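Those letters in the sequence shown? Residues 1 to 327, per the UniProt record's numbering, in order.
Incorrect hints may have been included.
With a cut-off of at most 30 Å between alpha-carbon atoms, the simulated BS3-like pairs for lysine-lysine come out as follows [what the hints assert, rightly or not]:
id, residue 1, residue 2
1, 19, 317
2, 249, 128
3, 12, 249
Keep in mind the hints are simulated off the structure, nothing from the lab. Computed from a predicted structure; not experimentally measured.
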Amino acid sequence: MSLDRIKKFIPKLTSKLHKGSLGRICIIGGCKDYTGAPYFSGMSALRCGSDLVHIVTTESASIPIKCYSPDLMVHSYLPELEGKKTLLEGERLPENVSELLNKMNCLCIGPGLGRSRISQEFLCSIIKHARSVKLPICIDADGLWAVKNNLGCIQGYRNAILTPNHPEFVRLYKNAFACDPNMENLEQSVQKLSNKLGNVTILKKGRIDFISNGVISLKGQIQGSNRRVSGQGDILSGCAAVLLGWALKSIQQENKETINNLNKDELENSKLNGLISDLIPLAALGASAITRRANFLAHKKIGRSIITSDILSYVGKSFDQLFTNKF
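Required output: the full structure, derived from the provided sequences and hints.
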């Protein structure tokens, strides 16, 4: 039933579309030590159906990522050197960064970012900018480390999905409540953390993926495999960014006149805002389903030697099986 609801906001392929109509995604991540994560996140977004994917990364990571694939547009805008003057005193984002972000449908923040002070503080400024222009965001990996240290940066922003694995979820929960989550009832713990953060959607990855925005709770239980490869979460984050962008765009298109006639406060309190919030957990569920099915298909074909690249190659087939009934 939930997968059927996801199909309704997936855009149809028509002759009226132009480049960018089906998504403009920006991945914020990568550093000298970790170049694979933003690549997998970006490529999964393309395989999921986004037209364009940009990667904003550090200078040292940009050349390797460009060499991985010509399908990705790579920008070396992330600060890298400790002590280098950036916007650490609360300055605005550099114009080249803000101009790029303003053209996007959704951001995916964190894959391979690293935990240096300079990159973490830059990330918080990106989140602040995204909130100011109501740009949807998916936060994963090292992006969650930044959120953990500054929960206020994401507090109350409902156009966001957090995708923690188990250790990342425990850290977020501890910082929010100063205690461990209830391991006997993780579904309730996910809902509780979402409520604490102001109904931000959380997708806690695990044997079962628990998803909640504090009001709606879902479970991702599509069959995968017992093989857990490094990088599978990056694939999920890329898919989540695409589906999140599509979900919000579908609501905006269907209610364009209503949105234009409401001021900011009226929009925040309208039924339309609730409708938007309801779709975000579904976008998270869709990303969970695609990733799990791709893992299953890769494992069925290759066996326990599968790697992330194998799972990536099945993202398109997984999407078709789940949402277009093509086998």
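Run the distance test for residue 19 versus residue 317: straight-line Cα separation, threshold 30 Å.
22 Å, holds
Within a Cα-Cα threshold of 30 Å, do residue 249 and residue 128 meet the stated pairing?
With Cα atoms ~21 Å apart, residue 249 and residue 128 stay inside 30 Å; holds.
Distance restraint between residue 12 and residue 249, which requires alpha-carbon spacing of 30 Å or less:
13 Å, holds
Taken one by one, the earlier hints all hold for this structure without exception.
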